[in-house]
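> Could you build all of it, start to finish, from the sequences and the hints given here?
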Amino acid sequence: MHLAITGGPLDFSTARNRRGPWSAERAGFRVGSVGTFLSFLEDGGTSPWLPKRGRMIENAQINPDLISKWIRSCETVHRSECAPLPLQIGYGSGLKVFRLIDVTKGCVVEISRSDKQYRYFALSYIWGRAEQVRLLTTNRHILMHPGGLQYPTSAKLLPKTIQDAIDLVRTAGEQYLWVDSLCLLQDDPNDMALSIPFMDMIYRGASVTIIAASGRDANSGLPGVQPGSRQAKQDVEEVVRG
Numbered sequence: 001m002h003l004a005i006t007g008g009p010l011d012f013s014t015a016r017n018r019r020g021p022w023s024a025e026r027a028g029f030r031v032g033s034v035g036t037f038l039s040f041l042e043d044g045g046t047s048p049w050l051p052k053r054g055r056m057i058e059n060a061q062i063n064p065d066l067i068s069k070w071i072r073s074c075e076t077v078h079r080s081e082c083a084p085l086p087l088q089i090g091y092g093s094g095l096k097v098f099r100l101i102d103v104t105k106g107c108v109v110e111i112s113r114s115d116k117q118y119r120y121f122a123l124s125y126i127w128g129r130a131e132q133v134r135l136l137t138t139n140r141h142i143l144m145h146p147g148g149l150q151y152p153t154s155a156k157l158l159p160k161t162i163q164d165a166i167d168l169v170r171t172a173g174e175q176y177l178w179v180d181s182l183c184l185l186q187d188d189p190n191d192m193a194l195s196i197p198f199m200d201m202i203y204r205g206a207s208v209t210i211i212a213a214s215g216r217d218a219n220s221g222l223p224g225v226q227p228g229s230r231q232a233k234q235d236v237e238e239v240v241r242g
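Just so you know, we're using UniProt numbering here: the sequence shown kicks off at 1 and counts up by one.
Careful, some of the hints might be misleading.
[What the hints assert, rightly or not] Here are the simulated DSS-like pairs of lysine-lysine, each with C-alpha atoms no more than 25 Å apart in a straight line:
{"#": "1", "residue 1": "Lys-105", "residue 2": "Lys-156"}
{"#": "2", "residue 1": "Lys-116", "residue 2": "Lys-105"}
{"#": "3", "residue 1": "Lys-105", "residue 2": "Lys-160"}
{"#": "4", "residue 1": "Lys-116", "residue 2": "Lys-96"}
[Claimed, not checked] Simulated DEER-style distance windows between Cβ atoms:
{"#": "5", "residue 1": "Pro-146", "residue 2": "Asp-235", "range": "45 to 55 Å"}
{"#": "6", "residue 1": "Asp-200", "residue 2": "Thr-153", "range": "25 to 35 Å"}
{"#": "7", "residue 1": "Met-192", "residue 2": "Arg-119", "range": "22 to 32 Å"}
Derived from the structure by calculation, the hints contain no laboratory data. This structure is a prediction, so every number in the text was calculated from the model and none was measured. Don't be surprised by glycine CBs; every beta carbon is placed ideally from N, CA and C.
Laid out in structure tokens, this is it:
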């Protein structure tokens, strides 16, 4: 499952895409190959042939309950099609060390050997030129201590996009987030060499991948996570009989 977060309405896409002007999954029409998408809006009714309709954006903030609903839909309806691929940690040719941000403890946690499958979100974003805190051999003892990400030396360099992702994971009722700058030991060539080949598996193992689809650097934030950070504009027309 992927969440593409831009300055517009929050978008949801499944693993399957149907080509053509009509999309049953998105309940609407596309005008032209790259033109406007016309979507039917929900009116409170139900229809078995239009399971997913468009939505009115009633406020400028993301609704975490909607994200949770989409996750449940993936788990109960799509099942194996959307199921995360289990990560092998500490065994054979799998990942030797796996790190995650624990959003409840406010720190990075390290998993060196585990049969447990961790449920986590992953963040895909642009670093750009923004100065940001990174996991290093010199600060790992701070960042891996409970509350370490809130320490003044860490918090002032925590980019808005990562902070928003942490807040989004927390409000969605989840615990773990994977971010490359904080989950890979950036100044350790050995750690990087052992982890980078597994990047595809890390993203494939995530329950949700948050895609920061707006902005030019890591300080652009995720529109809609913080109050007033997104201005959503929708053109709505009502079609009546006669």
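> Evaluate the given range 25 to 35 Å for the C-beta pair formed by Asp-200 and Thr-153.
Holds: the Cβ-Cβ distance is about 33 Å, inside 25 to 35 Å.
> Within a Cα-Cα threshold of 25 Å, do Lys-105 and Lys-160 meet the stated pairing?
holds, 19 Å
> CA of Lys-116 to CA of Lys-96, is that 25 Å or under?
Holds, because 14 Å separates the two Cα atoms, which is no more than 25 Å.
> Given the hint that Lys-116 pairs with Lys-105, test it: the Cα-Cα distance must not exceed 25 Å.
holds, 19 Å
> For the hint 45 to 55 Å, verify it against the beta carbon of Pro-146 and that of Asp-235.
This hint holds: roughly 48 Å between Cβ atoms.
> What's the verdict on Lys-105 and Lys-156, does the C-alpha distance respect the 25 Å limit or exceed it?
holds, 18 Å
> Given the hint of 22 to 32 Å, check if Met-192 and Arg-119 actually sit that far apart at their C-beta atoms.
25 Å Cβ-Cβ, so the 22 to 32 Å window holds.
Going down the numbered hints, you'll see the structure goes against none, and every one checks out.
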